[in-house]
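Let the sequences and hints guide you as you build the complete structure.
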Amino acid sequence: MEHIEIFKALSNKSRLQMLEWLKEPEINFPGQITAGFEHGVCVGQIQAKAGLTQSTVSEYLSILQRAGFIESKRVGQWTYYKRNEGAFEALSKIIKSNL
1 MEHIEIFKAL SNKSRLQMLE WLKEPEINFP GQITAGFEHG VCVGQIQAKA
51 GLTQSTVSEY LSILQRAGFI ESKRVGQWTY YKRNEGAFEA LSKIIKSNL
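The opening residue of the sequence shown carries number 1 in UniProt numbering; numbering runs sequentially from there.
It is worth saying that the hints were derived from the structure and are not from the lab. None of the values given here were measured: they were computed from a predicted structure. Heads up, some of the hints might be wrong.
[Said to hold, decoys possible] Here are the computed distance ranges between Cβ atoms for each label pair:
id, residue 1, residue 2, range
1, Thr-53, Glu-24, 23 to 29 Å
2, Gly-44, Ala-90, 28 to 34 Å
3, Ala-90, Glu-24, 18 to 24 Å
4, His-3, Glu-38, 29 to 35 Å
5, Glu-5, Gly-76, 28 to 34 Å
6, Lys-8, Ile-33, 30 to 36 Å
7, Gly-36, Glu-2, 33 to 39 Å
8, Pro-30, Glu-59, 22 to 28 Å
9, Gly-76, Leu-10, 28 to 34 Å
10, Gly-36, Lys-8, 28 to 34 Å
11, Asn-98, Gly-31, 36 to 42 Å
12, Pro-30, Gly-76, 20 to 26 Å
13, Gln-17, Lys-73, 18 to 24 Å
14, Gln-65, Ile-33, 21 to 27 Å
Glycine included, each C-beta is placed from N, C-alpha and C at the ideal position.
Here you go:
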């Protein structure tokens, strides 16, 4: 993905918050503790915390996924999301080498 698209994905406060929350899911999504975080955080938990419509949250998660910052896994009827830490390492290299 082009660098400009990566930075566009990070240019929204709500998307940045989602990435911050997913960094420490056990702390930020206590309602999911009984189900665990093996697959990530359920999209419903993210939507409830964000206080945004389901369609907006889905769009934001799609943008972050296309930029490589998160990964998704479908389990039954639920979709779970977690951070792709490798993408943040790559972003750090981009910043160090290009900016």
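Hint-by-hint comparison with the structure:
1. Between Thr-53 and Glu-24 the beta carbon distance is about 25 Å. The supplied range of 23 to 29 Å therefore holds.
2. Checked against the hint of 28 to 34 Å, the pair Gly-44 and Ala-90 passes, with Cβ atoms roughly 29 Å apart.
3. For Ala-90 and Glu-24, the Cβ-Cβ distance of about 21 Å falls inside the hinted range of 18 to 24 Å, so the restraint holds.
4. Between His-3 and Glu-38 the beta carbons are some 33 Å apart, a value that agrees with the proposed interval 29 to 35 Å.
5. The hinted range of 28 to 34 Å is satisfied by Glu-5 and Gly-76, whose Cβ atoms lie roughly 32 Å apart.
6. In this structure, Lys-8 and Ile-33 meet the distance hint of 30 to 36 Å, their C-beta atoms being roughly 33 Å apart.
7. Look at Gly-36 against Glu-2: about 36 Å separates their beta carbons, and that is inside 33 to 39 Å.
8. About 26 Å separates the C-beta atoms of Pro-30 and Glu-59, a value consistent with the hinted range of 22 to 28 Å.
9. Between Gly-76 and Leu-10 the CB atoms are about 31 Å apart, so this pair conforms to the stated range of 28 to 34 Å.
10. The given range of 28 to 34 Å is respected by Gly-36 and Lys-8, whose C-beta atoms sit roughly 33 Å from each other.
11. A C-beta distance of roughly 40 Å is found between Asn-98 and Gly-31, which places it inside the suggested range of 36 to 42 Å.
12. Judged by the Cβ atoms, the range 20 to 26 Å given for Pro-30 and Gly-76 holds: they are separated by roughly 22 Å.
13. In this structure, Gln-17 and Lys-73 meet the distance hint of 18 to 24 Å, their C-beta atoms being roughly 21 Å apart.
14. Judged by the Cβ atoms, the range 21 to 27 Å given for Gln-65 and Ile-33 holds: they are separated by roughly 24 Å.
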